[in-house]
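Here's the letter readout for the chains.
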Amino acid sequence: MNAIVETAWDPSQPIVALRDVHKSFGKLEVLKGISFDVMKGEVVCIIGPSGSGKSTLIRCVNALTPFDAGSIKVEGQEVNVAHLDKLALRKKVGIVFQQYNLFPHKTALENVMMAPVLVLKEPKDEVEARARALIRKVRLEGKEDSYPGELSGGQQQRVAIARSLAMRPDIMLFDEVTAALDPETVKEVLVTIRELAAEGMTCMLVTHEMGFAREIANHIYFTDRGVIVEHGPPATFFTEAKDPRTREFLSQIL
Amino acid sequence: MIRTRAIPGIGRDPTTDLPVLHRCSPVGAGLAADLAFSRWLGSRSPWVLLGLAALLAAWPFLAHAQSGYSTARAFEALWRWIPFLLRDGFAFNILISFVTMAIGTAAGVVLGLWQIAPSPWVRRTAWAITQTFRNSPWLVLLFIVMLTFPFEIRIGDAIVPIPDWMKAVLGLALPVMANVSEVVRGAIQSVPTGQWEASESLAFSRRQTLWRIILPQCFKRMIPPWMNWYAILTMATPLVSLLGVEEIVTLSRQAMEAEDNHPELLMPFYGFALLVFFAYCYPIARWTIRLERRFAVKL
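Chains as they are written, first to last, in this note's numbering: chain A, 1 to 254; chain B, 1 to 299.
You may find that some hints are simply not true.
Unchecked claim - Derived DEER-like restraints, expressed as beta-carbon distance ranges: (1) B:Pro120 to A:Ile253: 51 to 57 Å; (2) A:Gly142 to B:Pro118: 22 to 28 Å; (3) B:Arg124 to A:Ile253: 46 to 52 Å; (4) B:Thr193 to A:Ser71: 44 to 50 Å; (5) A:Asp10 to B:Lys220: 49 to 55 Å; (6) A:Gly41 to B:Pro120: 54 to 60 Å; (7) A:Val81 to B:Leu139: 53 to 59 Å; (8) A:Glu184 to B:Ala279: 21 to 27 Å; (9) B:Arg124 to A:Glu195: 48 to 54 Å; (10) A:Ser146 to B:Val140: 52 to 58 Å.
Said to hold, decoys possible - Taking beta-carbon pairs under 7 Å as the criterion, some of the chain B residues facing chain A (in silico): (11) Ala198; (12) Ser201; (13) Ala203; (14) Pro216; (15) Gln217.
Think of the hints as simulated: they come from the structure by calculation, not from any bench. Backbone N, C-alpha and C define an ideal beta-carbon position, used for all residues, glycine too.
Go ahead and model the full structure; you've got the sequences and the hints to work with.
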């Protein structure tokens with residue numbers, strides 16, 4: 001069915017493995033050797049001050065941002081290669097953006113359906129049934145025919161999540177998805193993400209929601225100036241931070 | 001449950017130095033200036049039209065009789081020539097403007113898409129062509145095309161003549177092409193980069209992204225500047241009279257010659273041409289401004 005030859009990936013191995021990832025924008029080095037593993041079904045939160053390279057890091061995972069050196073393997077497939085099979089990678093890795101980036105000229109349902117129909121060439125009626133189910137899942141039943149401009153920020157973000165899920169990804173990336181929302185609507189998006197995580201979706205989140213990170217994450221990474229300063233499971237991370245930079249950051253934000 | 005207590009950090013604005021996260025301006029730099037002509041023309045009061053007509057009608061009373069030929073007779077002459085000037089003259093201006101716009105738009109869209117091509121060579125070439133023809137005087141381009149193009153081409157045994165007006169159309173289409181190219185580039189670049197990223201992350205190809213996501217969003221935004229250029233082009237069609245193409249100004253001159261070249265004829269005949277162009281372009285300018293306002297709200 002699929003022309004792409006899948007190299008054997010043992011699910012006991014990390015689903016995402018980052019090794020010594022480096023990235024510079026001009027003279028500014030934003031990632032200075034990041035390494036960590038994400039296991040299948042794990043929820044990983046990346047926190048840190050603005051400009052610490054969190055968003056860049058997460059974008060490297062689905063090759064939206066090319067990186068200069070190091071290795072990222074997604075299900076055993078190297079991302080940092082010249083002739084990357086981007087289609088295969090992006091079928092596996094979904095991403096949700098801070099600014100939702102819904103297609104404004106398409107309804108919510110069409111937004112969700114577009115990629116499976118056009119990219120995966122799946123039959124339209126099948127995709128539509130799945131898209132409607134996804135819209136129900138993100139609690140937007142009745143909004144199928146609304147255009148993004150008619151939806152609130154939180155609703156748009158949930159459509160964006162459904163759109164990404166329609167590609168049946170194995171890993172979901174969330175790039176500060178609640179940063180542009182008002183406090184009332186943050187919750188509805190977080191509830192959706194929490195449900196996903198509970199269903200066993202592998203998630204990588206860049207977030208400023210410390211309370212949420214603490215509740216949902218299996219592992220938290222704190223980055224500052226392009227390096228991982230400290231990491232650990234939330235139970236110890238928030239209470240036993242050792243590095244002064246982490247402590248300072250947490251004291252400001254908590 | 002999510003904690004009911006406010007989650008710290010929620011209200012903070014996302015701040016970042018990363019260029020990928022910067023929102024881009026919803027209005028492309030190239031677009032606003034493109035409407036200068038329509039804005040100017042459209043902001044005239046509709047009374048200008050009546051004013052021009054009144055001035056023309058009042059001319060006999062304002063002008064001094066310089067010879068035995070009275071201005072009243074000049075108007076009588078104009079009245080006789082009007083059907084001919086409109087049917088054989090102005091209609092041809094409109095035809096030239098349509099054909100030129102069609103060719104210029106087709107070529108301009110291609111050139112504009114090349115301006116955002118992934119290949120830097122294609123991009124630079126398209127940019128150079130665009131800038132060359134955008135910044136050349138229209139009349140010079142017209143002369144070059146008129147004088148360098150053959151008056152006939154041989155295809156096998158058949159000789160296909162190229163009439164002057166066809167060459168004039170090609171000459172005018174060059175600057176139109178360049179300006180449409182800029183309209184297309186500006187409109188495409190006015191779509192937020194997030195749309196490209198979202199499409200990319202959903203594995204759309206570049207072609208799919210362009211035709212399914214980007215162009216449908218900026219198509220409406222291209223219409224007002226495109227109409228603006230159409231009005232400018234229509235105003236420029238009398239240029240071809242310098243090359244002997246028989247449009248309204250050429251025919252006006254011929255008509256005045258037929259009426260023995262009395263100086264009293266100048267104002268009525270050229271005034272009439274002005275009035276006709278104004279009457280044609282003014283509604284277009286008003287419509288352009290209206291469309292622009294309507295589309296601007298939807299951004």
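- request: Provide an ascending list of the numbers of those earlier hints which the structure does not satisfy.
  value: 1, 2, 4, 6, 8
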